[in-house]
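Peer 1: So you can see what is in the structure, the chains are spelled out below.
Number of protein chains: 2
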Amino acid sequence: MKVLVTGGAGFLGSHLCERLVADGCEVVAFDNFYTGRAENVAHLEGKIDVVKGDVAEGLPEGKFDEIYSLACPASPVHYGARPIETMKTSVLGMLNILEKARRDGSRVLHASTSEVYGDPLVHPQVESDWGHVNPIGVRACYDEGKRAAETLAADFRRLYGVDVRMVRIFNTYGPRMQPDDGRVISNFIMQALQNKDITIYGDGSQTRSFQYAGDLIEAMRRYMALPKKRIDEFFAAKGLDAPVLNTGNPGEFTISELARETLRQIPTSRSRIVQKPLPKDDPKRRKPDISLAQELLAWQPRVPLAEGLAKTIAYFTLLASGKEI
Amino acid sequence: MKVLVTGGAGFLGSHLCERLVADGCEVVAFDNFYTGRAENVAHLEGKIDVVKGDVAEGLPEGKFDEIYSLACPASPVHYGARPIETMKTSVLGMLNILEKARRDGSRVLHASTSEVYGDPLVHPQVESDWGHVNPIGVRACYDEGKRAAETLAADFRRLYGVDVRMVRIFNTYGPRMQPDDGRVISNFIMQALQNKDITIYGDGSQTRSFQYAGDLIEAMRRYMALPKKRIDEFFAAKGLDAPVLNTGNPGEFTISELARETLRQIPTSRSRIVQKPLPKDDPKRRKPDISLAQELLAWQPRVPLAEGLAKTIAYFTLLASGKEI
Chain A
1 MKVLVTGGAG FLGSHLCERL VADGCEVVAF DNFYTGRAEN VAHLEGKIDV
51 VKGDVAEGLP EGKFDEIYSL ACPASPVHYG ARPIETMKTS VLGMLNILEK
101 ARRDGSRVLH ASTSEVYGDP LVHPQVESDW GHVNPIGVRA CYDEGKRAAE
151 TLAADFRRLY GVDVRMVRIF NTYGPRMQPD DGRVISNFIM QALQNKDITI
201 YGDGSQTRSF QYAGDLIEAM RRYMALPKKR IDEFFAAKGL DAPVLNTGNP
251 GEFTISELAR ETLRQIPTSR SRIVQKPLPK DDPKRRKPDI SLAQELLAWQ
301 PRVPLAEGLA KTIAYFTLLA SGKEI
Chain B
1001 MKVLVTGGAG FLGSHLCERL VADGCEVVAF DNFYTGRAEN VAHLEGKIDV
1051 VKGDVAEGLP EGKFDEIYSL ACPASPVHYG ARPIETMKTS VLGMLNILEK
1101 ARRDGSRVLH ASTSEVYGDP LVHPQVESDW GHVNPIGVRA CYDEGKRAAE
1151 TLAADFRRLY GVDVRMVRIF NTYGPRMQPD DGRVISNFIM QALQNKDITI
1201 YGDGSQTRSF QYAGDLIEAM RRYMALPKKR IDEFFAAKGL DAPVLNTGNP
1251 GEFTISELAR ETLRQIPTSR SRIVQKPLPK DDPKRRKPDI SLAQELLAWQ
1301 PRVPLAEGLA KTIAYFTLLA SGKEI
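Protein chains in written order, with this note's numbering: chain A, 1 to 325; chain B, 1001 to 1325.
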């Protein structure tokens, strides 16, 4: 099976490529290397093709059975620095993928995000929630770009029968996250390893759910393995206008708990926990309702936070030591 | 002053072109004639340039002092038939306009919509409301496209200082509306003139606000006449991330009242009022809070519904008679 992974050299893309190779697929990883890194897929050399390019401008030649749409800067520090490119990646990238899939009859998995829920009015978040997003704020390039990409996917499916499925990915972590991406897990680990203050924004009582990358990849593969008919019937029966599926780990942790667990796992750290003001538009609570994924995929997250954190800390420790990884 | 009006042959665009000519501007009306009509600007022949083209693909050559971004199918019957083109018009069209404005130093007025509020949680709608929109529904191509366009405008302004202002236009009516656009006012008038049943969706108790086109054009011109500094300071003081301004008529009418007033003004009609089920995702209530526009522009709607309706009925009567108008 020929598979295209856009954003294939990114954090999640590289885990997916690894899994696809293990599953016997012929893989092309496509990346513009804005947040993707060649090192992320260096261990797959000879096993996958890595092609440099931008989804907003075009896609690799050739016909693919499956396309995984993962290209997009996903952390505020990166998309905030390039808001217009971020919107283009989401909207033009999605357009290019959907047009190609329509021509070639490819099955598509689009990586959407829990950010489409914004600062949610419903807790935990269910797929039928329309979200609550500031369209003109500094995070909008990502949130609204991803919403517009969902709209396009839903329309290509309704209009042309394109077999596109979407996952709304909640906070996901693991090895090959970027140390400088400003996400809470990478921040805390890097701060702890460097003996810097561990920064909590707000009082630390805001909760997050943390999904280990491997759990997400498993959900993606199960989702894509299902026949289109099953997908169509399942989401129609749930009253949803398109196949949008939450994937995440519903286990809730406060930011303070995460800080303490990080320090517990890095006992040599001399870091202290300090508080700073909450940034504008920062979502207060976020927790997935994953009943639909559980029912459709017979799936649930398996990796507990302590275990996933240990693997991630091991990766960052190697990274900080400057060793080849 | 050189002015570009995208969607210049549309319902609102043609009223704006008329006003710009009266104000002594040199006007280029740009339209792809999907919902725009040459007849709408026929009376301006020799006074404006009409250029055929699509904002998603490119814009007319030349430097403009002001650009009015009005191109987009705006009624469900039209955008529903071409959802993907609608999203492209909003997002790629806005990108093209903002890039051009950035190069040329043009001032931009972007026509956004009350649809960015979706099925609103706040009543009446204020500019600080984030909206409540279904990202994967059949109306999303318009609602989410317009939200994404607002995002782009806000980012070009923050990043490059592009002088872009936005109006969120609530229900607007008047001569040169399309008889087949499925909007409630054109529907009711056409049904009454043709002695067909007047169709109310739901029980008719849902309210709408109806702004006469001339009132909106007046607001747009006042808005564009203000210096950038005044705009920046005003919206910053209001705590808004970008200049988004509601324009509409806060006078609320139920759909049933509108149906009765239409029949009162067309006493020869033999139409009866009938009820049909409410379509999916139809917003239940919509009423603008226009305090910001009143304060910033010293403006308020002047034309009462009975008067605006009379002018619109006169237009439709001529249209139905097949006369040149």
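Among the clues, some could well be false.
[What the hints assert, rightly or not] Derived DSS-like pairs (lysine-lysine); straight-line CA-CA distance at most 30 Å:
{"hint": "1", "chain 1": "B", "residue 1": "K1052", "chain 2": "B", "residue 2": "K1002"}
{"hint": "2", "chain 1": "A", "residue 1": "K238", "chain 2": "B", "residue 2": "K1276"}
{"hint": "3", "chain 1": "B", "residue 1": "K1002", "chain 2": "A", "residue 2": "K276"}
By construction, these hints were calculated from the structure, which means they are not laboratory data.
Peer 1: To test your reading of the hints: which numbers does this structure violate?
Peer 2: 3
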